[in-house]
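Colleague: Just so you know, the sequences run in chain order G and P.
Quick note: the first sequence uses my numbering, first residue 1, plus one each step.
Quick note: the second sequence uses my numbering, first residue 256, plus one each step.
Please keep in mind that the hints were generated in silico from the structure rather than gathered at the bench.
On a predicted model such as this, the values are computed, not experimentally measured, just so you know.
Keep in mind that the hints are not guaranteed to be accurate.
What the hints assert, rightly or not - Straight-line alpha carbon distances no greater than 30 Å define the calculated DSBU-like cross-link-like pairs of lysine-lysine that follow:
(1) Lys56(G) / Lys699(P)
(2) Lys92(G) / Lys322(P)
(3) Lys92(G) / Lys666(P)
(4) Lys78(G) / Lys284(P)
(5) Lys639(P) / Lys18(G)
(6) Lys699(P) / Lys157(G)
(7) Lys92(G) / Lys699(P)
(8) Lys699(P) / Lys142(G)
(9) Lys157(G) / Lys627(P)
(10) Lys639(P) / Lys78(G)
(11) Lys699(P) / Lys19(G)
(12) Lys18(G) / Lys666(P)
(13) Lys666(P) / Lys56(G)
(14) Lys128(G) / Lys639(P)
(15) Lys111(G) / Lys699(P)
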Amino acid sequence: MVENLLDIQNLQVEVEGKKILQDLSLQIKSGEIHAVMGPNGSGKSTLCNALMGHPKYAVVSGDALLNGESLITLSPDKRAQKGLFLAFQYPKEVPGVTFGNFLRLASNNLKRANSPEFAAIGPAQYFKVAAEHMSELQMDKKFVGRSLNMGFSGGEKKRAEIVQMLALEPKIALLDEIDSGLDVDALKTVAEGIQKAYEKLGMGVLLITHYQRILNYIKPDFVHIMIDGRIVKSGDASLVLEIEKEGYAKYLTKK
Amino acid sequence: MSTTKEERVKNPEKFDFKTEENSVFKMEKGLSKEIVMEISRQKNEPQWMLEYRLKALEIFYSKPMPKWGGDMSGIDFENIHYYLKPSEKSERTWDEVPDEIKTTFDRLGIPEAERKFLAGVGAQFESEMVYHNLHESLTAKGVIFEGTDEALKKYPELFKQYFATIIPAHDNKFAALNSAVWSGGSFIYIPKGVHIELPLQAYFRINAQNMGQFERTLIIADEGSSVHYIEGCTAPTYSSSSLHSAVVEIIVKKGAKVQYTTIQNWSNNIYNLVTKRAKAEEDATMFWLDCNLGSKLTMKYPAVYLVGARAKAEILSIALAGKGQHQDAGAKVIHAAVDTTSTITSKSISKGGGRTSYRGLVKIHKGAKGSKSRVVCDALLLDKESRSDTYPTMQIDENDSAIAHEATVAKISEEQLFYLMSRGFSESEAATMLVNGFIEPIVKILPMEYAVEMNRLIEMEMEGSIG
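Could you build all of it, start to finish, from the sequences and the hints given here?
Modeller: Dropping the structure here:
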C-alpha cells in the first residue's frame, strides 16, 4: 500500500476575524486512526472545515500538506481530488439530485480528475456498486432514487456520508462528529461501516468526537485532546478511558 | 449522420454560425400597407387573408405599446425585415432541400437519426417552411402536418374555419403585428380518435440580421385525439436587435389531449413576444411545457381557456435570465365551465443581474362550480444582483371553487456549494448541479433527449457564472 501523509504544521485559522485554531500540528499516515476529542467550541470542526477548504475558514499561518503538497491554496474540489474527504456533521440537502446519481457522478468525476483516460461508469453498472456500498451501511436500496439528504433522518444522513466515503475512496478521511445525533443502533451501524471502509481502503482517519462511545467500536491508534484551538495532550487509546472518568476539567484548568 | 443532438449542445460554438444569406426575395425593412400587400401577393393568398392582414395592420397601428412587462423601448419597428423567403417553394423531401439550407441544418444537428425518433419533421428556416416530411402512417390516418402557408392553400375551408378564432388580431399589439405579417409556422390537424404516440417536432431559427420572425401555428385536435408537439429554438448571435413575435393557437376538442413543449434558447438580443393560447372543451386536457432561456426580453404567458366541463390545464415553465436578460413569463387560465382544473408550476432562475418575473392570471367565472386551481412559483437567485418578482392575479367569481397559491424564493448557499465541492465538483459544476436539481421536477417530464439538452443548456449558461 502506498503510504500517504497528511502533515498539519503549526496551523492557525481564523473565522470571521476570530482566531479559532492556535498553532496546531498533527501528522496522519495511511492506516492510522487519530481521534480528536474535546469540549464544545474547542475548534474541532474548524480543523475539519479548514482542512477541506471552506471559504469562511481563513488559514492565517502554518500549512497543511498532503504527501508533501500544500493544500492551503487549493479549492475544496482540488483537495477532494488529491484524496481528502470530509464527512459532514450536518450534511446539506440537495433537491433534485438523486443519491444514486450523485454517487456515480462524484465517483466518475474524481476518477477522471486523477486519470483522464478513465471511462465513466454508466448508471446501470454503477447501481450495483452503489447498492453494495449502501448494504455495508444497511441502507435500503430505494435511497438511490431519493434526492440527496432530502428528508433523510439524522442517522440516514450520517450513513449516506459514509456511503459517499466508500464511493470516493479517500486517502485521508476527516469525520466531523459522525456520531452526533445517532441512537445506539445507528451508531453501531455507522461505526461498523467506517471500520469496514478503513479495512478496505486503509486510509488515514481523523475522527472528531465529543464522546468516547464511538471509540468502543473504532479503536484509535492515537488520541488527542483539543482545548481552545490547541492539542494539549496526545496519547494512545488509554487516554479515552481517562477522559471518560475524569472529563476535560484537568486540561481546561491548565489554560 | 454523425452529429447527435447531445454533441450539438456540448459544442455551443456550433450554435453561433450563420450561413450566407441567399434569399431569393428580400423585402425592404420597415412596415407599411404596401409591405403587407406584397407579402400576401408573394404568397398568392386568397383575398380574405389579404383583407385580414390589412385590418390587423390597422389594429397594430391603433394599439399603444404595452406599458407593463419588460422594457420594449429597444424595438424599432422600422428597422425590421418583415418577410424573407429563402427558396422558391417549400420542399417535400430532404433531397430537394437547397444545399446551403442543408448545411445550416447539419450544423444545427437535425440529423436523419432523429427521424427515427420523430414521427414528422417540420423545420422552419427564416420565414418559410422549407422542409416538411410527414411519416406515411400519419398521412394514412388523415393527420395534417403542414407549413401554415401550405395549409392555407391546400385546406382552405379547414383553415378558415379555425384561423384566428382563439387569438384574434385585436387581442394585443403583437398579436396584431403577427396577424398582419405572419409567415410560416405549423398547421396540424389530428382527426377524431387518432393518437400520435411520438412527438411532432419543428425547429425555428432566425438567420437573417434584423429579421423578425412571425410564425403562426394552428393545432386542431379533434374529439378524443391526442398529440404532443415540440418546438426547439436556437438562434445564432447577432449584434443588432431582432424581434420574434409568434402566435400559437390550439383547439382541443372534447376528450382530446394536446401537449405543446417549447425549449428555446434565443440569442441575447432578441425580443421574444409570443401569444400562445389554447381552448379546451369538455373533458379535454391542454398541457403547456415552456422552457425559456436566452433572449433580451421574453414576454410569454401560455393560456388555456377551459370552456367545457371537466377540462384540464397544466402549465409548467422554466425561465432562466442571465446578464441583461429579462424573462417575464407566466401563465393564464380561464375557468369557464364546471369542474375544471388547472395546475401552474413556474420555476425561475436569475443570475448575473438577470431578472425573472412570474406574471399569471387565474380567473374562475361565476357558475364554474367545483373548479380547482393550484399555482406554485419557485424562484432561485444565484447572486445578490439578480432579481425575481411575482405578479399573480386571481379573479374568483365563484364561491364553489378552490384555489391554492405558493411562492418560494431560494438562494444557492455557500454551504451547499462547499458540500458539493468537497466531493470533487468545481464551483460551476456544483452550481449547475443545484440549478439542474431545482428544475428537475419539470425536466424529468421532457422526452429524454430534450432533458439532456436542457441540462446541457443550463451547464453552458452556468459556465463561468459563479465565483
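Colleague: Work down the list of hints and note, for each, if the structure agrees.
Modeller: Now the hints, each set against the structure:
About 35 Å separates the Cα atoms of Lys56(G) and Lys699(P), which puts this hinted pair outside 30 Å; it is violated. As the CA atoms of Lys92(G) and Lys322(P) are separated by approximately 43 Å, the hinted pair breaks the 30 Å bound. Note on Lys92(G) and Lys666(P): the hinted pairing holds, with a Cα-Cα distance of about 14 Å set against a maximum of 30 Å. As the CA atoms of Lys78(G) and Lys284(P) are separated by approximately 54 Å, the hinted pair breaks the 30 Å bound.
Distance restraint check for Lys639(P) and Lys18(G): the Cα-Cα separation of roughly 26 Å lies within the 30 Å cut-off, and the hinted pair is therefore satisfied. Between Lys699(P) and Lys157(G) the alpha-carbon distance is near 25 Å, which keeps this suggested pair within the 30 Å criterion. A hinted pair counts as satisfied when its Cα atoms are at most 30 Å apart, and Lys92(G) with Lys699(P) qualifies at roughly 23 Å. A hinted pair counts as satisfied when its Cα atoms are at most 30 Å apart, and Lys699(P) with Lys142(G) qualifies at roughly 18 Å.
Note on Lys157(G) and Lys627(P): the hinted pairing is violated, with a Cα-Cα distance of about 38 Å set against a maximum of 30 Å. Taking the CA atoms of Lys639(P) and Lys78(G), the gap is about 27 Å. The hint holds against a cut of 30 Å. Of the supplied pair hints, the one linking Lys699(P) and Lys19(G) is violated, its CA atoms being roughly 47 Å apart against a limit of 30 Å. For the suggested pair Lys18(G) and Lys666(P), the alpha carbons sit about 27 Å apart, so the restraint of at most 30 Å is met.
With a CA separation close to 18 Å, the supplied pair Lys666(P) and Lys56(G) stays within the 30 Å bound. A distance of roughly 42 Å separates the Cα atoms of Lys128(G) and Lys639(P); the hinted pair therefore is violated under the 30 Å criterion. With a C-alpha separation of about 27 Å, the suggested pairing of Lys111(G) with Lys699(P) holds against the 30 Å cut-off.
In terms of the numbered hints stated before, the structure departs from hints 1, 2, 4, 9, 11, 14, listed from lowest to highest.
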